[in-house]
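Undergrad: Using the sequences and the accompanying hints, generate a full structural model.
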Amino acid sequence: MDNVQNTVSKEEALLAKFEEKVQAGEAIEPRDWMPEAYRKHLIRQMSQHAHSEVIGMQPEGNWVTRAPSLRAKQILLAKIQDEGGHGLYLYSAAETLGISRKEMIEQLHNGKAKYSNIFNYPSLTWADIGAIGWLVDGAAIVNQVSLQRTSYAPYSRAMVRICKEESFHQRQGYEIMAQMMQGTEEQREMAQDAMNRWWWPSLMMFGPHDTDSPHSADAFRWKIKRHTNDELRQKFIDKTVQQAEVIGLTIPDPDLKWNEAKGCYDYGRIDWEEFNRVIRGNGPCNKQRLDHHKKVHADGAWVREAAEAYKNKHKKQSVNLN
Amino acid sequence: MAKQDALFKYTLRLGDNALILSQRLSEWCSYAPLIEEDLALTNLSLDMIGRAQALLKYAGEIEGMGKTEDTLAFRRSERQYYNNLLVEQPNGDFAFTMARQLFISAFELYFYSEMEHSKDKTFAAIAAKTLKEVKYHLEHAKDWVIRMGDGTGESHYRIQHAVNELWMYTGELFEMDDVDKDLIEQGIATDLDAIRPLWNKYIGDVLETAALIVPENGYMQTGSRKGIHTEHLGHLLCEMQYLQRAYPDAKW
Ligand SMILES: [Fe+2]
Ligand SMILES: [Fe+2]
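Quick note, the sequences are listed as chains A and B, same order.
For the first sequence, my numbering gives the first residue as 1, with consecutive numbering after it.
For the second sequence, my numbering gives the first residue as 323, with consecutive numbering after it.
Among these hints, one or two may not hold up.
[Stated by the list, open to error] Some chain B residues close to chain A (C-beta under 7 Å, calculated; not the full set):
no. : residue
1   : Glu349
2   : Cys351
3   : Tyr353
4   : Asp360
5   : Thr364
6   : Glu391
7   : Phe416
8   : Met470
9   : Asp472
10  : Thr474
11  : Glu561
12  : Tyr564
13  : Leu565
14  : Gln566
15  : Ala572
These are computed hints drawn from the structure, not numbers from a lab.
Treat the numbers as computed from the prediction; the structure is a model and nothing was measured.
Don't be surprised by glycine CBs; every beta carbon is placed ideally from N, CA and C.
TA: So, in structure tokens, the structure goes:
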């Protein structure tokens with residue numbers, strides 16, 4: 001009885017110390033004690049983030065072999081390579097919480113772990129490569145900048161590194177759009193069409209309105225999250241509208257209007273039915289993206305096994321030599 | 323043969339090898355057996371795009387008809403490409419891709435080691451840069467071929483199969499015609515007869531370490547020096563050139 005009480009009060013003391021530390025703005029390192037709910041929240045968020053980077057390679061990879069110039073191919077390939085690298089840092093950062101990459105991939109395959117909904121939309125023309133870089137990476141940056149100061153140190157370090165690369169991606173995507181808007185009639189149509197299709201899903205990347213957002217209270221108290229979904233979405237809209245105007249693209253929202261009093265743009269209603277439908281698995285590419293990942297993973301199993309077998313054989317040999 | 327004409331064809335040959343193999347490797351994007359390999363294959367592809375740009379730009383200058391590296395990459399038809407048949411072969415499985423890479427990177431290592439001393443300054447400069455990259459490509463391919471050869475029963479079977487299937491495309495790497503003879507005399511091109519034994523020795527050693535059998539030298543496929551390719555090239559170009567062909571007036 002005494003023992004149980006001791007454990008309970010010890011746990012309470014640790015929790016109090018943890019909360020105090022977080023409130024003081026100190027970073028939490030992997031070796032530090034942390035409540036189980038904090039660890040779980042981070043694993044969910046970081047693995048989802050890692051999977052998003054990796055699944056995001058698919059819609060962009062769709063245009064690699066058809067890039068219209070050598071320079072365009074180089075920029076796109078390097079960008080996708082960056083995204084794969086982000087996936088790797090984030091898997092490693094999540095591994096510091098006591099989960100392996102293998103387990104995270106299993107959770108992706110069995111539907112327990114998610115990835116960003118945006119990648120369930122198809123990339124149909126070359127202009128989509130511009131739109132993804134400009135809008136999707138642009139929205140990701142807004143989110144990630146605010147995560148640079150997140151309380152879990154390995155996550156925050158990964159974000160600092162990732163953000164530098166993301167702003168390149170955003171600029172390069174914008175450059176593709178700008179170039180196309182100065183091009184032929186067909187190119188301008190293609191660019192506007194991509195804008196029309198990617199604008200609303202990009203706004204949905206920030207998640208539900210604050211009034212409908214689950215999981216948020218703990219995330220704020222623990223300083224994992226530092227700005228609300230609506231604050232971040234507003235920031236993205238305000239910076240993007242002007243960029244669109246400069247190159248002659250129209251934002252596909254008739255209700256979009258500058259609000260002088262608030263000092264920001266008012267925008268139309270987001271189609272949350274669509275958002276929820278796609279999240280539940282019924283988007284244009286949900287099945288395709290996950291099937292692709294599963295198939296590649298299964299097809300590559302023999303390669304990973306070969307590397308493992310080779311390593312084990314030669315480990316034994318070098319041990320025998322000693 | 324006029325010197326400019328020989329030099330133009332020779333430059334295209336080198337540029338096309340880099341261009342076509344970069345395209346093949348880029349097809350692995352999001353398809354590799356682990357992310358680390360996805361990134362590594364992308365690296366190889368990026369190196370080769372860089373090399374293709376430099377060589378095709380130079381080819382355009384030699385020809386003097388105002389063609390850029392992009393015109394040469396995206397607006398020629400099947401019969402105007404001079405890359406080796408080996409590099410246009412489809413990726414197949416990972417073993418196939420690595421066997422192809424081992425064969426071509428070993429060739430390029432010896433080839434560009436000679437070319438570094440070419441009297442043509444542009445070639446010498448491109449060779450120096452390429453060599454640094456090719457050393458890494460070769461190490462990477464060699465490590466994987468050995469791992470697969472000495473890994474599991476399945477991996478051993480797959481890599482041996484890939485080596486056997488691709489062997490008939492290796493003879494063509496060393497073919498020489500009037501273009502080579504002209505340019506060798508001028509101290510510009512690499513003598514392929516001289517590097518052949520080095521390649522044989524290197525490949526023999528790697529395959530032996532990997533516990534793999536070196537195939538018999540049977541019939542060797544040929545044709546690329548005359549712009550005659552396997553059926554695979556047409557499909558590759560169709561995909562690669564799609565936007566440039568569909569929107570000929572557009573700039574991207
Ligand atoms: Fe990223
Ligand atoms: Fe990015």
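Undergrad: So, as I understand it, the hint says Asp472 of chain B touches chain A; can you test that by seeing if any CB pair is closer than 7 Å?
TA: Nearest chain A Cβ about 6 Å off; hint holds.
Undergrad: With a cut-off of 7 Å, does the beta carbon of Tyr353 of chain B approach a beta carbon of chain A closely enough for the hint to hold?
TA: This hint holds: Tyr353 of chain B lies near chain A, its Cβ roughly 5 Å from the closest one there, short of 7 Å.
Undergrad: Verify the interface restraint on Glu391 of chain B: the C-beta must sit less than 7 Å from at least one C-beta of chain A.
TA: Where the cut-off is 7 Å and the nearest Cβ of chain A is about 6 Å from Glu391 of chain B, the hint holds.
Undergrad: Verify the interface restraint on Thr364 of chain B: the C-beta must sit less than 7 Å from at least one C-beta of chain A.
TA: Since chain A brings a Cβ to about 4 Å from Thr364 of chain B, closer than 7 Å, the hint holds.
Undergrad: Interface hint check: Thr474 of chain B, Cβ to nearest Cβ on chain A, cutoff 7 Å. Holds or violated?
TA: Holds, because the Cβ-Cβ distance from Thr474 of chain B to chain A comes to roughly 5 Å (cut-off 7 Å).
Undergrad: Taking the closest Cβ pair, is Ala572 of chain B under 7 Å from chain A?
TA: The hint holds - Ala572 of chain B has a Cβ within 7 Å of chain A, the shortest such distance being about 5 Å.
Undergrad: Hint check: is the beta carbon of Glu349 of chain B less than 7 Å from a beta carbon of chain A?
TA: Check passed: Cβ of Glu349 of chain B comes within 6 Å of chain A, closer than 7 Å.
Undergrad: Using Cβ atoms only, decide whether Met470 of chain B comes closer than 7 Å to chain A, and label the hint accordingly.
TA: holds, 5 Å
Undergrad: At a threshold of 7 Å, is the proposed contact between Cys351 of chain B and chain A supported by beta-carbon distances?
TA: holds, 4 Å
Undergrad: Closer than 7 Å between Cβ atoms is the bar; does Tyr564 of chain B clear it against chain A? Give me holds or violated.
TA: holds, 5 Å
Undergrad: Let me know if the C-beta of Glu561 of chain B comes in closer than 7 Å to any C-beta of chain A, holds or violated.
TA: holds, 5 Å
Undergrad: Phe416 of chain B was flagged as interface toward chain A. Is the shortest Cβ-Cβ separation under 7 Å?
TA: Given a least distance of 5 Å, the restraint on Phe416 of chain B holds.
Of the numbered hints stated above, none is contradicted by the structure.
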